[in-house]
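Modelling step: build the complete structure from the supplied sequences, incorporating the hints.
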Amino acid sequence: MNTDRFLTIPAEEYHAASRCGRYMSSHNLAAFRESPELYRRKTNGEIAEGESPALALGRAAHCLILEGRAAFDEQYLVADGPVNPKTGEPYGKATKAYAEWIAAQTREIVSPRDFGFIVKLQKSVWLHDAASALLDDGVSEATVRAEYCGVPCQIRMDWFSREYGIVDLKTCDSLKWFEGDCKRFGYVFQMAFYRAVLREATGETVSVHLIAVEKNEPFSTGVWELPGDVLDQAEKVNEAALARYRKCLQTGEWPTGYEEVRVITSL
168 MNTDRFLTIP
178 AEEYHAASRC
188 GRYMSSHNLA
198 AFRESPELYR
208 RKTNGEIAEG
218 ESPALALGRA
228 AHCLILEGRA
238 AFDEQYLVAD
248 GPVNPKTGEP
258 YGKATKAYAE
268 WIAAQTREIV
278 SPRDFGFIVK
288 LQKSVWLHDA
298 ASALLDDGVS
308 EATVRAEYCG
318 VPCQIRMDWF
328 SREYGIVDLK
338 TCDSLKWFEG
348 DCKRFGYVFQ
358 MAFYRAVLRE
368 ATGETVSVHL
378 IAVEKNEPFS
388 TGVWELPGDV
398 LDQAEKVNEA
408 ALARYRKCLQ
418 TGEWPTGYEE
428 VRVITSL
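Position 257, counted from 1, in the sequence shown is what my numbering calls 424; the numbers after and before it change by one each time, with no gaps.
Hints are computed from structural coordinates only; laboratory data are not their basis. A portion of the hints provided could be inaccurate.
Unchecked claim - Once the Cα atoms are required to be at most 30 Å apart in a straight line, the calculated BS3-like pairs of lysine-lysine come out as: (1) K403 <-> K350; (2) K343 <-> K403; (3) K287 <-> K350; (4) K290 <-> K343; (5) K290 <-> K350; (6) K337 <-> K287; (7) K382 <-> K343; (8) K343 <-> K287; (9) K382 <-> K287; (10) K260 <-> K287; (11) K290 <-> K382; (12) K350 <-> K414; (13) K403 <-> K337; (14) K290 <-> K337; (15) K263 <-> K253; (16) K337 <-> K382; (17) K260 <-> K382; (18) K382 <-> K350; (19) K414 <-> K403; (20) K337 <-> K350.
Said to hold, decoys possible - Quick list of the computed label-pair ranges, beta carbon to beta carbon: (21) P394 <-> H182: 28 to 38 Å; (22) K290 <-> I269: 26 to 36 Å; (23) R411 <-> G370: 21 to 31 Å; (24) E256 <-> V306: 36 to 46 Å; (25) N251 <-> T423: 47 to 57 Å; (26) L244 <-> K343: 30 to 40 Å; (27) P177 <-> S433: 40 to 50 Å.
Cβ atoms here follow ideal geometry from the backbone N, Cα and C, with glycine treated the same way.
Pasting the structure below:
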């Protein structure tokens, strides 16, 4: 595949373009499918979306697993903070000493404990034969932008494999329940959107795989392929949502989806 349409841009630039509604992203489209009014409020800045500690740690894990230690060290510093000479222990995060130290840092901080955790994830992924094969040759965190169904869209792929196509890394509590996670969190719709936008940009339809790694012992890793017919079904749902989105833009009406009376038909 010709990767000339792949953009290397900072994550914050990518997310800022989604937050303001300049580009439709998979997460924006998920919000719209749930409620057009929810999408409108998010992109208007009426709903503040800060990054949780769990999401921040997930970003660090993605960096270490997909980009390696050198790239990780460029973005992150593993440290607990300055040490109190009287106690030999790090200053608390509420202290002036810690505040001054953190203000002077140019990299994001990951505690040694959290780093040990994400190293376990990294080892699990790379010791899994199928997962390591998917990640053997490719590009991490590539952004692709294209018009899809008449809407400017963008995707940011965790990994693009020259041999296997789109690869997305997920964490989960248990691999036993991961297929349920796919339904609950809309992973198939996300990947269908990625595949479609990439196809619009390059003219090629690629395969899609998910790598899932457990956040708990024994930190097992599994790999799932998303069949083309399943992605095709999700793509139709996405395209119907994009058609409704264009209509909302034209009319200026953003329904919640619950305007009509509903009937509960079962116990």
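Going down the list of hints, with the structure as the test:
Proximity of K403 to K350 is assessed by CA-CA distance (about 16 Å); at most 30 Å being required, the pair is judged to hold. Of the supplied pair hints, the one linking K343 and K403 holds, its CA atoms being roughly 28 Å apart against a limit of 30 Å. Of the pairs offered as hints, the one joining K287 and K350 holds, with about 26 Å between alpha carbons and a cut-off of 30 Å not exceeded. Between the alpha carbons of K290 and K343 the distance comes to roughly 20 Å, so the proposed pair stays at or under 30 Å and holds.
Between K290 and K350 the CA atoms are separated by roughly 27 Å; this keeps the pair inside 30 Å, and the hint holds. Distance restraint check for K337 and K287: the Cα-Cα separation of roughly 14 Å lies within the 30 Å cut-off, and the hinted pair is therefore satisfied. For the proposed pair K382 and K343, the alpha carbon gap of about 13 Å is at most 30 Å, so the pair holds. Between the alpha carbons of K343 and K287 the distance comes to roughly 19 Å, so the proposed pair stays at or under 30 Å and holds.
For the hint pairing K382 with K287, the CA-to-CA distance comes to about 9 Å; that is within 30 Å, so the pair holds. At most 30 Å may separate the alpha-carbon atoms for a hinted pair to count; K260 and K287 meet this at roughly 26 Å. Note on K290 and K382: the hinted pairing holds, with a Cα-Cα distance of about 12 Å set against a maximum of 30 Å. A distance of roughly 27 Å separates the Cα atoms of K350 and K414; the hinted pair therefore holds under the 30 Å criterion.
Between K403 and K337 the CA atoms are separated by roughly 24 Å; this keeps the pair inside 30 Å, and the hint holds. This hinted pair checks out: K290 and K337 have alpha carbons roughly 15 Å apart, not beyond 30 Å. About 15 Å separates the Cα atoms of K263 and K253, which keeps this hinted pair within 30 Å; it holds. Pair hint K337 plus K382 holds up; C-alpha atoms about 10 Å apart against a cutoff of 30 Å.
The straight-line distance between the Cα atoms of K260 and K382 is roughly 25 Å, inside the 30 Å bound, and the hint therefore holds. Distance hint between K382 and K350 is fulfilled; the C-alpha atoms sit about 19 Å from each other, no more than 30 Å. Taking the CA atoms of K414 and K403, the gap is near 17 Å; set against the 30 Å cutoff, the hint holds. In summary, the hint linking K337 to K350 is supported, as the alpha carbons are separated by about 13 Å, within the 30 Å threshold.
For P394 and H182, the Cβ-Cβ distance of about 30 Å falls inside the hinted range of 28 to 38 Å, so the restraint holds. The hinted range of 26 to 36 Å is satisfied by K290 and I269, whose Cβ atoms lie roughly 29 Å apart. Taking 21 to 31 Å as the suggested C-beta distance range, the pair R411 and G370 conforms, at roughly 27 Å. Checked against the hint of 36 to 46 Å, the pair E256 and V306 passes, with Cβ atoms roughly 42 Å apart.
Range check, N251 to T423: about 52 Å between beta-carbon atoms, so the 47 to 57 Å window is met. Distance hint for L244 and K343: a CB-CB separation of about 36 Å, consistent with the stated range 30 to 40 Å. A C-beta distance of roughly 49 Å is found between P177 and S433, which places it inside the suggested range of 40 to 50 Å.
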